[in-house]
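Top to bottom, those sequences are chains A and B. When we follow our numbering, the leftmost residue of the first sequence carries the number 1, and every step to the right adds one. When we follow our numbering, the leftmost residue of the second sequence carries the number 1, and every step to the right adds one.
It is possible that part of the hints are untrue.
Copies of the same chain look alike in the list, so a pair counts if it fits in one copy or across any two.
Said to hold, decoys possible - Okay, derived cross-link-like pairs now, DSS-like style, lysine-lysine, Cα gap no bigger than 25 Å in a straight line:
no.	residue 1	residue 2
1	K189	K74
2	K250	K189
3	K74	K132
4	K232	K219
5	K74	K134
6	K97	K219
7	K126	K189
Hints in this document: simulated from the structure, not taken from any laboratory.
There are 2 protein chains.
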Amino acid sequence: METVKLILQYDGTGFSGFELQPGERTIRGECAKALKKVYKRPIKFYSASRTDAGVHALGQVISFKAPASIPLSKLPVAINSVLPEDIRVIMAEKAGKGFNARFDSKAKTYEYLIFNGAITPPHLRKIAWQVKPKLDIAAMKKAAKIIVGKHDFSSFCAANSDDKNFVRIIHSFVIRNSSFIIWDGQKIKVISIIVKGNGFLYKMVRNIVGTLVEVGLGKRSPEGVKGILKAKDRTKAGRTAPAQGLCLIKVWYN
Amino acid sequence: METVKLILQYDGTGFSGFELQPGERTIRGECAKALKKVYKRPIKFYSASRTDAGVHALGQVISFKAPASIPLSKLPVAINSVLPEDIRVIMAEKAGKGFNARFDSKAKTYEYLIFNGAITPPHLRKIAWQVKPKLDIAAMKKAAKIIVGKHDFSSFCAANSDDKNFVRIIHSFVIRNSSFIIWDGQKIKVISIIVKGNGFLYKMVRNIVGTLVEVGLGKRSPEGVKGILKAKDRTKAGRTAPAQGLCLIKVWYN
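Sequences and hints are given; from them, build the entire structure.
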């Protein structure tokens with residue numbers, strides 16, 4: 001037996017999220033089927049993040065113990081050949097014996113994309129949130145500065161969460177104008193929000209983004225975020241930004 | 001009554017192509033429904049290109065005559081509000097009285113994307129063709145030079161075409177390494193093929209691309225394209241490249 005670490009990419013559009021749900025198409029369900037086919041036995045695996053329905057991943061990590069029957073260099077091809085094409089294994093490597101993708105993660109980086117304009121290009125509709133009125137990015141950056149650091153994030157945690165400890169550390173929170181390029185070298189302007197933290201409560205990134213957008217729309221002051229944190233009350237923060245704008249970029253380990 | 005020119009973008013993934021087909025979701029069908037809602041009467045319209053199922057558009061053009069009841073500046077918002085979000089009107093303008101998007105087009109530019117590697121990123125699977133073995137781009141460029149100019153393109157015309165005149169002029173045919181940027185500034189390398197011509201036979205771009213890929217794989221010589229053109233025989237050319245790699249970039253008018 002060896003401990004294997006896989007990096008996955010997926011287009012979250014066609015999934016009811018990562019975790020199993022009866023009768024639903026999920027990332028875990030598809031991965032479990034694929035691993036069972038490849039190893040000819042059920043494989044129990046852990047994931048770094050349990051992404052919600054519609055959330056994408058560029059660098060999800062899963063880990064499991066399995067017989068060393070398949071060379072790791074051939075594992076991505078073997079698993080991809082039985083996975084649906086909206087999930088891809090992009091890397092497989094041997095991990096330390098006790099490695100666990102979920103419990104050993106030291107930090108995660110997420111990106112949230114906002115299309116700030118009147119007409120969302122059709123190919124962006126499933127990977128960005130359309131906000132029509134012009135956002136005040138300077139105000140959003142001020143609010144983001146308040147978010148950085150160690151705080152009790154109860155106010156940004158979904159009410160139906162299982163979390164018990166609400167303290168998390170946000171290492172960085174960067175908001176910038178960015179561009180997409182798909183066809184013809186044409187640049188499509190988007191607002192990119194990249195946040196790195198030691199851990200995230202249920203829907204925390206989306207609740208923070210939803211609140212910052214309200215700051216960007218002038219509905220809240222940047223300084224108001226201090227009061228929201230202090231309140232430890234979900235009802236004090238803004239709306240939850242929609243899932244499709246969110247992407248798990250990277251999971252950090254020692 | 002005024003003559004209106006609209007520029008459309010669409011994600012071709014969810015459509016059975018542009019033209020009406022009984023029981024199928026088509027671009028024409030969705031546009032007809034939307035125009036009827038906006039103008040409260042059926043609107044007959046022409047399109048520059050009749051894109052196939054799965055083909056995308058960044059600059060499709062349609063034209064129609066309609067009552068001047070809605071200011072053109074408000075027309076995109078009005079139509080988009082009743083169109084599904086995988087089609088967007090990005091521009092509306094008044095055209096000359098006799099303007100016809102189909103018959104007045106002087107040239108069209110298409111782009112075809114190839115992902116040349118082992119693992120297609122999930123978000124590219126519906127907009128690029130995955131070719132796993134490394135392509136010889138220099139050989140493909142040599143073949144492309146032969147395609148440029150005025151030729152009888154019978155060998156690259158799908159057998160079930162209605163076309164009668166098979167002579168077309170290819171103004172330019174550019175193959176280059178390009179990049180996609182979606183998340184995190186990460187560049188994903190793709191091969192971009194941009195072709196501009198005065199008109200295209202049924203499946204012509206995809207048949208040329210399919211043949212050039214066979215050149216890139218070393219299955220055909222670049223010079224062999226001369227013989228293919230001369231043969232005027234579809235069976236002499238290569239396979240049809242899959243639809244999802246193709247995008248209508250721009251339609252040119254005087």
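Consistency of the hints with the structure:
For the identical chains of this complex, K189 and K74 are inter-copy neighbours only, at 22 Å across copies versus 39 Å inside a copy, given an alpha-carbon limit of 25 Å. Taking the closest pair of Cα atoms, K250 and K189 come within 25 Å of each other both inside a single copy (23 Å) and across two copies (20 Å). Taking CA atoms no more than 25 Å apart as the test, K74 paired with K132 passes between copies only; the shortest distance there is 15 Å, against 46 Å inside one copy. For the homomeric pair K232 and K219, the shortest alpha-carbon distance inside one copy (20 Å) is at most 25 Å, but the shortest distance between copies (66 Å) is not.
When the C-alpha separation of K74 and K134 is checked against a cutoff of 25 Å, the pair qualifies only between copies, where the shortest distance is 18 Å, while the shortest distance within a copy is 48 Å. For a Cα distance limit of 25 Å, the shortest separation of K97 from K219 qualifies neither inside one copy, at 51 Å, nor across copies, at 47 Å. Taking the closest pair of Cα atoms, K126 and K189 come within 25 Å of each other both inside a single copy (16 Å) and across two copies (22 Å).
Checked against the numbered hints above, the structure breaks only hint 6 and satisfies the rest.
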